[in-house]
Structures are given as C-alpha cells and as structure tokens.
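Colleague: Sequence:
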Amino acid sequence: MIRNICISVIVIMSLTACSRPFGAEWKTPYGTAPFSKISESDYLPAIREGIRQRKAEIKAIVDNPEEPTFENTIAPYELSGSLLARVSGVFFNLVESDATDAMRAMEEEISPELTAAEDEIFMDPGLFARVRKVYEKSEALDREQQMVVKKLYEAFIRNGVGLEGEARERFKEINKRLSALSIAFGNNLLAENNAFKEKFGVTVSDYPDVMAECSDRDLREAMFKAYSSRGNNGDEHDNNAICLEIMKLRTEQAALLGYKSSAAFLLEDKMAHDPGTVDAFLQKIMDASMAKAGEEIAAMQEVMDKDITVPAGSKIEPWDWFYYAAKVRKLKYDLDESLTKPYFSVDSVYKGVFYAAKTVYGVNVEPTPEVEVYNPDVKAFKVSDADGSLLGIFYCDPFSRPTKRGGAWMNNFRDQYEDASGKDVRPIIVNVCNFPEPSGKTPSLLTIDNVQTAFHEFGHALHGFLTKCRYRDVSGTAVARDFVETFSQFNENWAFQDGILDRYAHNYKTGETIPDALVEKIGNSLKFNQGFMTGELCAASILDMKWHELGAEDLASMTDADDVRAFEEMVCKDMGLREEIIPRYRTTYFNHIFNSGYSAGYYSYLWSEVLDKDAFEYFVQNGVYNPAVALKFRQTFLERGGSEEPMTLYRSFRGQDPDPGALLRARGLAD
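Numbering (the numbering used here), first residue to last: 3 to 673.
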C-alpha cells in the first residue's frame, strides 16, 4: 500500500515536470514561446500530459449534473486543452518549418495518440448528449454562440458519433491510418524536394523562375521530368500506394456516414455544398483558360520558330512553357524580371506589405527584437491597431531551407479568444514562405509572383489579427475552406497599387524608387499568361475533385501506380487540358489534398477569388482608398471570423451575390 502511494506521488510529480516548459503561461514578452528553453525531449511528454488534462476537463463537463447550457457545456469545452494547444502550437509549426529527423519521428509517434484522443471526444455519447441539448435550444443564444454550437454539433455528427459497434471501431481505425499516411506522404515529398535541389541546385519553389531563364532545352526537359515525377518513381519515396490507400479509406469513411463519395461528404458544410456545383464552376473556368492558352501557345511557337538553338520544326513542350513565355512577355511588354527584382528585396516587400495594412486598415507593424524566434532567418513583429492596442505578434519566416516543406502558408502559434475571465487573448501568427535565400551581399530578390505571395499570406494573417471573436472555433481564419482564401487573395490587390508600390519598391543598391515606366509594364503584364496560370490551377482543382468523387467500386479496381497514372491522364483529357500543360500539382506531390486539409477543397482558391475580385471591384467603384469601404470590409469580414454564415456576410458587405465574371475579368479571360 505504501509502495502504491509512493508510485502515485512519483507519477504526479513526473506529470508536472513533463509538461515543462509548457506547463504554465510563459512569462515572456507577449506570452511568446521561449524557444531556447524548449528541448526536443520536452514535446512528447507535454503533449501526452496535455491529452490527459483535456480528457479530465471533458469528463468534468460530462459529469456535470446540471441541465446543459452554453455556459456549463460549450464554453468550458472551448477553453479546454490549454496545455495541449500551447505545446501543439509550437511543435507542429516547427515540424512544418524547421524540423529535425527526430521531430519528424516524434510526429509519426504522437499523431495516432492525438487522433485517438480526438475520436474519444467526438464519439463520447455523454458529451454529445449535452451538446445536442444546447443545440436544440440555441435560438436563445447570440449569433456567435449559435455558430459555435452549430459547428460543434456538426463536428460530432461528421466524426461518427452516431456509429455503433464495428462501424464505430472501423471509423476510428481509419482515422489513425489516415493520420499516419498523411505524415508519410509529407515526409516522402520533403525528401523528393530535397533530392531535386541536390540534383539541380534549385529548390522546387524556385523552379518556375529558373525554368524561365534556362536556355539549355535538354536541361529544362530533365528538370521538368524530375519535378513532375516527384513521388512517382517506384522508389522508397513513391507516393502512389499512399495516395490510393488514402482515397480508399476516405471513401470508406464517407460511406460509413452515408455518403456515396468522399467529395459529397467533404463539401456538405462548405459554401459550394455539393460536387456538381464545383464541377460546373471549374469547367467554365477551364474552358476559358484553355481558349486563352491556345493563343499563348501560338505566340510562343512564333518565338521558338525563330530560335536557332532548337531544331527546325520543334514544337512547344511542357518544359518550354516558362522559358518561351518569358520571351513573349519581354517582347510584348518589354518586361524582364531581372530588371524588376532589384526593386523587390524581401525587406522592401515586407515594408510594402505592412504599409498597405496601415493604409487600408490603420494597422501598425513594428519589429520586436525582444521576442525570441525559432530560427535565425525568422523575424518577429508587434502588430497594433490605430489606437495603439495590441492585435498580436507576427513571425515572418521567408526563406527556403531543407527542414521546411515547400509552399507558403499562415498558421497560428496561439489563437485569438476570450479566456475564462473575459480577457481578450491576442493571437501569435506565423507566415512561412520559400523565397530564395540571400547570396553574399545580394539580398533575397523577389519575382512578381513572390511579391504577390507575401501579400497573400499576410492577408491570412490580417484575418487572424483583426478578428474580434470570443471563441476559438470561430475566431480568425476558422471559416469554411472555400471562404478562407478570399481575404488572402484580396490582400494581393494592394501589391501593385499606385500609392503603395512606390512606397516600398526601391532599388536595393541605389535606393531609387521604381520608375513609372517599369510600373506600367508590370501593370500591363499582370494578365499575361493567364491561360496557363489559370489552367494549371484549375486542372489541379479538377483532379482533386475527380479523385474524391470516386466511389468504392471505382477505387477497388485501382491497385498500383499504373492505375494512378492512367486515372490522372484520363481526367486531364476529359477536362480539356492541353498537352503542353500539366496540373499545378500532380497526384503524387499534391500536398494540399493529401497532407494539408484541402481534400476536395483545392477549388477553394478559385471559388474565393470570385468573392475577392467582386469585392475589390466594389472598392474600385467607391474609391480604392475609401476609408468607409475599408472599415466596412474589416468589420463585416475580418472581425467576424466564422461567427456568421459566409454568404450572409458577403451579401451584407456587397449588397448582392458575387458576380462569377469578376474572376474571369480580373484574369483577362473575359471582357
């Protein structure tokens, strides 16, 4: 008996110790993570303790004998898991941006435990019974509370709370397996990306720019084939089997919940709502973009025909597109990005990003050297409102490195919400990009596309910083997947606006402001090559949808890599994709849909762009820098997060439904 008591004391002491340095709110500037005090060995014990604590918090809610109310059921649920949120916010952000092999191994080890813990919550009949009672009487709640309850109630339904027996256990098994497969896919892709860089000396993020400048056609072909076959080479990093298994499991899971395809399940709570709506939306864009692409190919072919370095009669191939498109752009607009890059050093561009936020919304961004960062490349900033009140802390992580996955994204180290005392907890947000590293005395110089990416990701950040919600589940970017990209893409509109561009586009050597003639060329060129750009994006969106529209019988007949390739080829043919273009992401390196939550959702970028461009047309009609319009945009969208239905918010701002033609007009695909 004494021995058992001693063991209990030791366990309690170890639980307290194992959560350090995550066990209490950090006494650091703005409550940011003390990265230098965190060891890799701290993560797993702290996550497991966080799981244990959250389980106990949920149990207390379930065991409450009082009649379920928002205050005794939903509110404590929203505040549960503070330790788990704290450690996960650090761990999973670093796994994506600055991971060691040991951390990736930890991710593989802990993810099944986290999945099981979530399943336990969302399959808890006692907790669901309380949530359902609050949901059934939610008309008495305010609108934000109604949306929180609705979202939570639907999460239970969509996570299998109604399943029983074998179906329930199978649902949980699938969740665990999907978690493991997603991690494996991402790790394989990271290895493939690093192998590509090792072979060619080029990161996958820099691939388009390098291809545009590479005059060696054989090298372009080799690079294209290596780039477009990542995860598809039959070696240890092949993703074909993983993709097939993921799709079969997603479809099986959807069937357990009564849906004929995973697309039908995944779209039900999105703005688009059903696969047919998305298919029709995308095909209209594909048709317009391929018509324009035909014109672009003809223009490039004319240039190729005069190129004495290639054999007579050569035709444009996929590996020629970036190279000859750059030549056509130079001929048509006299625009050479080697002339624009000196005006777009990474530091200057972020000055522009921050200046635009101040001009449009009154937001101030200033360096905070007292805030510790997790990598020497990262910079920290304090974000404040016009009245000086704190909006949050911003980490900017701009450069490529082998420990970082490809692409660009925004994420939260800490969400915005109100704590139990009613205090407004402000967010800690990171933007991660893969811009070229500085070289010697030359700073990182960005392409026009890179500049738009910087504005895009900070648009997500503004959505997070400006939110004024009370509950995590609807705060900031916690909105429908096909709504969230609206605000990041909207922010791109400011990148080259008069009155903003001249405030930040300064030559890094001379300090000279970008000349008006060069500005005019940039403006004229922004709609250039949109048949290709829109087509490859739309093609990836359609490929995503077609994978997720497959039924169980369709997938059962697919067994190997040849089947994956054949399906992709068929989809590309059916959509009308020209043979000179491939989807922006092919199946085996489509990280968005196999590892980043965009399954049956990649169309969201185009769907959201309709809203973004229609909203910006409203700005143009009423004065681009009209403070009343900007305030309305901020208060209607950015402050509200997911506290109202997306289309209700949009109609409130615009006074009408969005015009689908706005996207085509903005991309130069329609008048």
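Hints are computed from structural coordinates only; laboratory data are not their basis.
Ideal Cβ placement from N, Cα and C applies to all residues, glycine included.
A hint or two may mislead.
When the alpha-carbon atoms are kept at most 25 Å apart in a straight line, the in silico DSS-like pairs for lysine-lysine are as follows [as the list claims (entries may be wrong)]:
hint	residue 1	residue 2
1	Lys153	Lys575
2	Lys511	Lys332
3	Lys272	Lys250
4	Lys272	Lys332
5	Lys575	Lys511
6	Lys153	Lys174
7	Lys529	Lys511
8	Lys139	Lys152
9	Lys308	Lys286
10	Lys317	Lys575
Label pairs and their computed distance ranges (CB to CB) [unchecked claim]:
hint	residue 1	residue 2	range
11	Asn74	Asn628	14 to 20 Å
12	Asn74	Lys529	37 to 43 Å
13	Gly442	Asp500	32 to 38 Å
Colleague: For every hint, state whether the structure bears it out.
Modeller: Consistency of the hints with the structure:
1. Lys153 with Lys575: violated (39 Å)
2. Lys511 with Lys332: holds (24 Å)
3. Lys272 with Lys250: The hint holds at about 22 Å.
4. Lys272 with Lys332: violated (41 Å)
5. Lys575 with Lys511: violated (49 Å)
6. Lys153 with Lys174: Distance of about 21 Å is within 25 Å: holds.
7. Lys529 with Lys511: violated (29 Å)
8. Lys139 with Lys152: Holds: Lys139 and Lys152 sit about 11 Å apart, inside 25 Å.
9. Lys308 with Lys286: Not satisfied, since the Cα-Cα distance of roughly 35 Å exceeds 25 Å.
10. Lys317 with Lys575: holds (20 Å)
11. Asn74 with Asn628: 14 to 20 Å: Since the Cβ atoms of Asn74 and Asn628 sit about 45 Å apart, the hinted range of 14 to 20 Å is violated.
12. Asn74 with Lys529: 37 to 43 Å: With a Cβ separation near 56 Å, Asn74 and Lys529 fall outside 37 to 43 Å, so the hint is violated.
13. Gly442 with Asp500: 32 to 38 Å: holds (34 Å)
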